[in-house]
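Enquirer: As they're listed, the protein sequences go chains A and B. At position 94 of the first sequence (counting the first as 1) the number is 95 in the working numbering, and the numbers step up by one without a gap. At position 52 of the second sequence (counting the first as 1) the number is 38 in the working numbering, and the numbers step up by one without a gap.
Note that these hints are calculated values from the structure, not bench results. Don't take each hint at face value.
Pairs of lysine-lysine residues, derived as DSSO-like cross-links and limited to a Cα-Cα distance of at most 27 Å, are as follows [to be verified]:
| id | chain 1 | residue 1 | chain 2 | residue 2 |
| --- | --- | --- | --- | --- |
| 1 | A | Lys123 | B | Lys170 |
| 2 | B | Lys170 | A | Lys122 |
| 3 | B | Lys135 | A | Lys23 |
| 4 | A | Lys109 | B | Lys346 |
| 5 | B | Lys125 | B | Lys(-3) |
| 6 | B | Lys125 | B | Lys(-7) |
| 7 | A | Lys10 | B | Lys135 |
| 8 | B | Lys403 | A | Lys123 |
| 9 | A | Lys23 | B | Lys189 |
| 10 | A | Lys105 | A | Lys150 |
| 11 | A | Lys150 | A | Lys109 |
| 12 | A | Lys10 | B | Lys170 |
| 13 | A | Lys109 | B | Lys352 |
| 14 | A | Lys122 | A | Lys105 |
| 15 | B | Lys170 | A | Lys75 |
| 16 | A | Lys23 | B | Lys177 |
| 17 | B | Lys125 | A | Lys23 |
| 18 | B | Lys408 | A | Lys123 |
| 19 | B | Lys408 | A | Lys105 |
| 20 | A | Lys122 | B | Lys346 |
| 21 | B | Lys403 | B | Lys262 |
Here are some chain B residues pointing at chain A (derived, C-beta under 7 Å) [claimed, not checked]:
| id | residue |
| --- | --- |
| 22 | Gly71 |
| 23 | Met114 |
| 24 | Ser228 |
Quick caveat, the model's predicted, so the values are computed rather than measured. C-beta atoms are modelled at their ideal positions from N, C-alpha and C, and glycine is treated no differently.
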Amino acid sequence: MIISDSAKKQIDIWIEKYPQGKQSSAVMEALKLVQAENDNQLTSEAIQAVADYLDMPGIAAAEVATFYENYNHKPVGKHIIRFCHNISCMLNGADDLITHLETKLGVKTGEVTKDGLISVKKVECLGACVGAPMFQIDDQYYEHLTADKIDDIVDGLK
Amino acid sequence: MNEVCFKNIDKDQCWSLETYEASGGYSTWRKILKGEYTPDEIINELKTSGLRGRGGAGFPTGLKWSFMPRNAQGQKYVICNSDEGEPGTCKDRDILRFNPHSVIEGMAIGSFVMNATIGYNYIRGEFMEPFNRFEGALKEAYAAGLLGKNINASEVSFDLYSHLGAGAYIVGEETALLESLEGKKGQPRFKPPFPANVGLYGKPTTINNTESFASVPEIMSKGGQWFADLGVENSGGTKLFSVSGHVNNPANFEVSMGMPFSELLELAGGMRNGAKLKAVIPGGSSTPVLTAEVAMGMTMDYDGIEKAGSMLGAGSVIIMDESTCMVKALTRLAHFYYDESCGQCTPCREGTGWLYRVLKRIMDGKGKAEDIDLLMSVQEKIMGNTICALGDAAAMPVESFLRNFREEFEYYIEHGKSMVEK
Chain A
2 MIISDSAKKQ IDIWIEKYPQ GKQSSAVMEA LKLVQAENDN QLTSEAIQAV ADYLDMPGIA
62 AAEVATFYEN YNHKPVGKHI IRFCHNISCM LNGADDLITH LETKLGVKTG EVTKDGLISV
122 KKVECLGACV GAPMFQIDDQ YYEHLTADKI DDIVDGLK
Chain B
-13 MNEVCFKNID KDQCWSLETY EASGGYSTWR KILKGEYTPD EIINELKTSG LRGRGGAGFP
47 TGLKWSFMPR NAQGQKYVIC NSDEGEPGTC KDRDILRFNP HSVIEGMAIG SFVMNATIGY
107 NYIRGEFMEP FNRFEGALKE AYAAGLLGKN INASEVSFDL YSHLGAGAYI VGEETALLES
167 LEGKKGQPRF KPPFPANVGL YGKPTTINNT ESFASVPEIM SKGGQWFADL GVENSGGTKL
227 FSVSGHVNNP ANFEVSMGMP FSELLELAGG MRNGAKLKAV IPGGSSTPVL TAEVAMGMTM
287 DYDGIEKAGS MLGAGSVIIM DESTCMVKAL TRLAHFYYDE SCGQCTPCRE GTGWLYRVLK
347 RIMDGKGKAE DIDLLMSVQE KIMGNTICAL GDAAAMPVES FLRNFREEFE YYIEHGKSMV
407 EK
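Hey, can you work out the whole structure from these sequences and the hints?
Expert: See below:
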């Protein structure tokens, strides 16, 4: 697998932040950039390519890719809805809203819609508790959710 | 209210350099660049202020900074911990979004005190809006000649970078954060050695929470005594409290330490639908839960909350009304620690799974009479037996929920359903 020139350029910006010889500090962002260019998913070839580019052992990059939450190792949708179900969101009705979303999309959390557009995940605290209930779609937070609001947001996804 | 980290929050473009400087921002940093401060003067001011680590541990910031071997040879680092993720906590997100320059100036002041010419702000991976705000502020600060090497032809150099996480609560633990910043799994290190001696890339490093750094510029411009007087004994200054749950107006409030809990509840609009208060987690999901009666008599400061039987933590106040099923609430918290345990220490890795599975069994109506004792025994075996505090954090809610709301657990086990939920 080859990392694209544009991804390499962005990885290089991150490498610059760390002292010389410490380029493996950029591994977390490098994995994200490569994932974004490959259907939101990391294959073992992609992980190895990142490791080679950063001159680190493949296993070290694989450890990072499997330790942190935000790397995907199975097919996911074009958009990922990450619904917080932790305590502040739970107290504000997140469970019912998650069921509402599942029914609307015809999938369970952890699954992808048939058209490949949307994955739904139940996640732990996203640090926006005063905006509960909330979810994240891709890089964006949506707070104070209601069933109607969810419908509007999800209907707008393309 | 809103006197320190949030002092510009109602202004237009409150995050801009222009707004920050118009209210006196970077005045301390500019004095440092002109050679008008010594590191010891700053440490003394911080000690006077009574500022304690706002990430949860509450360690005095001035003392922490004095531990750095500032004259040691070689590179030293200063790091901001913006890996916010404890359920109930969402204050650092707002500091980064609405006052990023206070974090930059606080870190810059720290870098000078500790002779650390490189800094990193570790921001949790999901915080893209705060990250972009912080990056924007960094660009402004560099363009204004406030950061870099030999700034304004002085002998002071400070380069500051942001780093993004990728989803792991444990990285909020400072040595796990260092591992993560080095490009590894975020598993905590043994202490000692402490980061002040062996930190990032093996070099002396000091890590502080976002709110701690953001408080420093205002302390320096108005004086340590001014800050101390805002609060109460042992808890100087103001604190950001994230009030969430069953209240009318959930929000972050920056108020004086020592405020009665009942007043904070009023600030948050009081109980939603006029419901009765049942329980309060005062400092984030790791801190022991309190009954309404105890909470209503408590003041919001380190000693006040400790006297009530819990901890101030990160100031994350979770409000639960009488409709809350405490078995369900605890199960949700137990799932969190089970999910977030890094797997390094056996008592935590295995114990958090046991806690969650036993609670889940009760929720599924398959609880056994001995399950309460089993939960108590598992949490006791985790407590104090792990490298980092995540184990204790998983144990404390269990002990306090069972102690304060035992009858709800007994009812659930006996009847296979919740005592409060229909």
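Enquirer: Are the hints correct? Go through all of them and say.
Expert: Here is how each hint holds up against the structure:
1. The suggested pairing of Lys123 of chain A with Lys170 of chain B holds, with an alpha-carbon distance near 25 Å, which does not exceed 27 Å.
2. Of the pairs offered as hints, the one joining Lys170 of chain B and Lys122 of chain A holds, with about 25 Å between alpha carbons and a cut-off of 27 Å not exceeded.
3. As the CA atoms of Lys135 of chain B and Lys23 of chain A are separated by approximately 20 Å, the hinted pair is consistent with the 27 Å bound.
4. As the CA atoms of Lys109 of chain A and Lys346 of chain B are separated by approximately 20 Å, the hinted pair is consistent with the 27 Å bound.
5. At roughly 21 Å between alpha-carbon atoms, Lys125 of chain B and Lys(-3) of chain B fall within 27 Å of each other, so this suggested pair holds.
6. Of the pairs offered as hints, the one joining Lys125 of chain B and Lys(-7) of chain B holds, with about 22 Å between alpha carbons and a cut-off of 27 Å not exceeded.
7. Our distance criterion of 27 Å between C-alpha atoms is met by Lys10 of chain A and Lys135 of chain B, whose separation comes to about 25 Å.
8. Proximity of Lys403 of chain B to Lys123 of chain A is assessed by CA-CA distance (about 24 Å); at most 27 Å being required, the pair is judged to hold.
9. With a C-alpha separation of about 13 Å, the suggested pairing of Lys23 of chain A with Lys189 of chain B holds against the 27 Å cut-off.
10. At roughly 13 Å between alpha-carbon atoms, Lys105 of chain A and Lys150 of chain A fall within 27 Å of each other, so this suggested pair holds.
11. Taking the CA atoms of Lys150 of chain A and Lys109 of chain A, the gap is about 20 Å. The hint holds against a cut of 27 Å.
12. A threshold of 27 Å between alpha carbons decides the hint, and for Lys10 of chain A with Lys170 of chain B the separation of about 22 Å falls inside it, so the pair holds.
13. Pair hint Lys109 of chain A plus Lys352 of chain B holds up; C-alpha atoms about 24 Å apart against a cutoff of 27 Å.
14. With a C-alpha separation of about 15 Å, the suggested pair Lys122 of chain A and Lys105 of chain A falls inside the 27 Å cut-off, and the hint holds.
15. Only pairs whose Cα atoms come within 27 Å are accepted, and Lys170 of chain B paired with Lys75 of chain A is accepted, the gap being roughly 22 Å.
16. At roughly 23 Å between alpha-carbon atoms, Lys23 of chain A and Lys177 of chain B fall within 27 Å of each other, so this suggested pair holds.
17. For the suggested pair Lys125 of chain B and Lys23 of chain A, the alpha carbons sit about 23 Å apart, so the restraint of at most 27 Å is met.
18. Straight-line distance between C-alpha atoms of Lys408 of chain B and Lys123 of chain A comes to about 24 Å, which keeps the hinted pair within the 27 Å bound.
19. About 25 Å separates the Cα atoms of Lys408 of chain B and Lys105 of chain A, which keeps this hinted pair within 27 Å; it holds.
20. Restraint check for Lys122 of chain A and Lys346 of chain B: the C-alpha separation of about 20 Å stays at or below 27 Å, so the hint holds.
21. For the given pair, Lys403 of chain B sits about 22 Å from Lys262 of chain B by alpha-carbon distance, which is consistent with the 27 Å threshold.
22. Given the 7 Å rule on beta carbons, the hint for Gly71 of chain B holds: about 5 Å separates it from the nearest Cβ of chain A.
23. At about 4 Å, the closest approach between the beta carbon of Met114 of chain B and any beta carbon in chain A falls short of 7 Å, and the interface hint on this residue holds.
24. For Ser228 of chain B, the shortest C-beta to C-beta distance to chain A is roughly 6 Å, which falls under 7 Å, so the interface hint holds.
Taken one by one, the earlier hints all hold for this structure without exception.
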